[in-house]
Every structure is written in C-alpha cells, then in structure tokens.
Amino acid sequence: AGVTVPSLTSLNSRVVPGTAAADKSIRVYLDGQEIYFTGNPPWISEGNTMVQMSSLVQALGCTVDWQPPDTIIISNGASDNLTLYLGSTSYFIGGREFQSNAAPAVIDGRTYVPLRVLADYYQLTVDWDPAARTIHLHHS
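Oh and the sequence shown: position 133 is 133 in this note's numbering, straight run, nothing missing.
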C-alpha cells in the first residue's frame, strides 16, 4: 500500500506568490551618502549597531593604526585619538575612559566596531529609523 502523488500541472495547481523574507539589513548614511560595507553588513549587538571599521573610517576620512595584538587607534586629525581594544567595552578618547555595551571584534579577518563609539568621537548626530532599518549620520 503506497501513496500515489499526482504530478503537478497547470491544470491541477497554481503558483502562489510567496512573501519575500523581510530585508533585515541595516543601511547607514553619512550626510545623505550611503556607506557601503564590505564583509558582513551592519548588525545589532547588545543594543549597538556593529559596522565594519574600514568602510566607516574611510567614509569619515580618518586614519587607523593597528597595534597588535588587540589595540586600534583612530585619529581624526583634529582632536585626541580614539583607542579601542578588541574584546573590551572600554575605550579611550585622549586620556578619558568611556564604556560601550558592545566590544570591537574581528570576524572573518575584518574588524567590527560599535557605530555609536565612532559617531560620538566624530560628534555626529545619529538618527535611527526602525521601520526602514536605516541610520542617518550627520556632521553637526
């Protein structure tokens, strides 16, 4: 006793349009220009948007100095350096210590940092549109 499955044809079936999975990616704009990220797209970790560092610092026009094994120094050329440590939620601007909810990390050979840390360092205004999953960064 087997089960007989009829062949599907245009006479006994129809195509039902599926609903495409909602796009969960986060888009980031700096002064109206979209920043395109290589590697993984931005994601949310511990309430912070994590972005691939090199794409963002290139858009901001700053320099990065990597000091192995875990230190990242970012300079905007105008104020104190920003120092981050892989795996640490502490970061420093000049000699002042601050805290973030998320720590920088290396994933697939690329460094990811909390967007808010760089936005604060550059004194950028941050607007989050949750419906469009879009972040707008603006120079003040």
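These are calculated hints, taken from the structure and not from any lab test.
A couple of the hints might just be wrong.
[To be verified] Computed Cβ-Cβ distance ranges for the label pairs, DEER-style:
#1 ASP80 with ALA132: 27 to 37 Å
#2 ALA131 with PRO68: 22 to 32 Å
#3 ARG96 with GLN67: 15 to 25 Å
#4 SER140 with GLY109: 29 to 39 Å
[As the list claims (entries may be wrong)] Below, a list of computed lysine to aspartate or glutamate pairs in the EDC-like style, where the Cα atoms sit at most 20 Å apart:
#5 LYS24 with ASP127
#6 LYS24 with GLU46
#7 LYS24 with GLU34
#8 LYS24 with ASP120
Since we're looking at a predicted model, the values are computed, not measured.
All C-beta atoms in this analysis are idealised placements derived from N, C-alpha and C, irrespective of residue type, glycine included.
Going down the list of hints, with the structure as the test:
Hint check: ASP80 to ALA132, Cβ distance near 34 Å, so the stated range 27 to 37 Å holds. Distance hint check: the CB atoms of ALA131 and PRO68 are about 42 Å apart, inconsistent with the given range 22 to 32 Å. At roughly 19 Å, the beta-carbon separation of ARG96 and GLN67 lies within the given 15 to 25 Å, and the hint holds. Against the hinted window of 29 to 39 Å, the Cβ-Cβ separation of SER140 and GLY109 comes to about 34 Å, which satisfies the hint.
Restraint check for LYS24 and ASP127: satisfied, since their Cα atoms lie roughly 18 Å apart, inside the 20 Å limit. Between LYS24 and GLU46 the alpha-carbon distance is near 17 Å, which keeps this suggested pair within the 20 Å criterion. In summary, the hint linking LYS24 to GLU34 is supported, as the alpha carbons are separated by about 17 Å, within the 20 Å threshold. In summary, the hint linking LYS24 to ASP120 is not supported, as the alpha carbons are separated by about 25 Å, beyond the 20 Å threshold.
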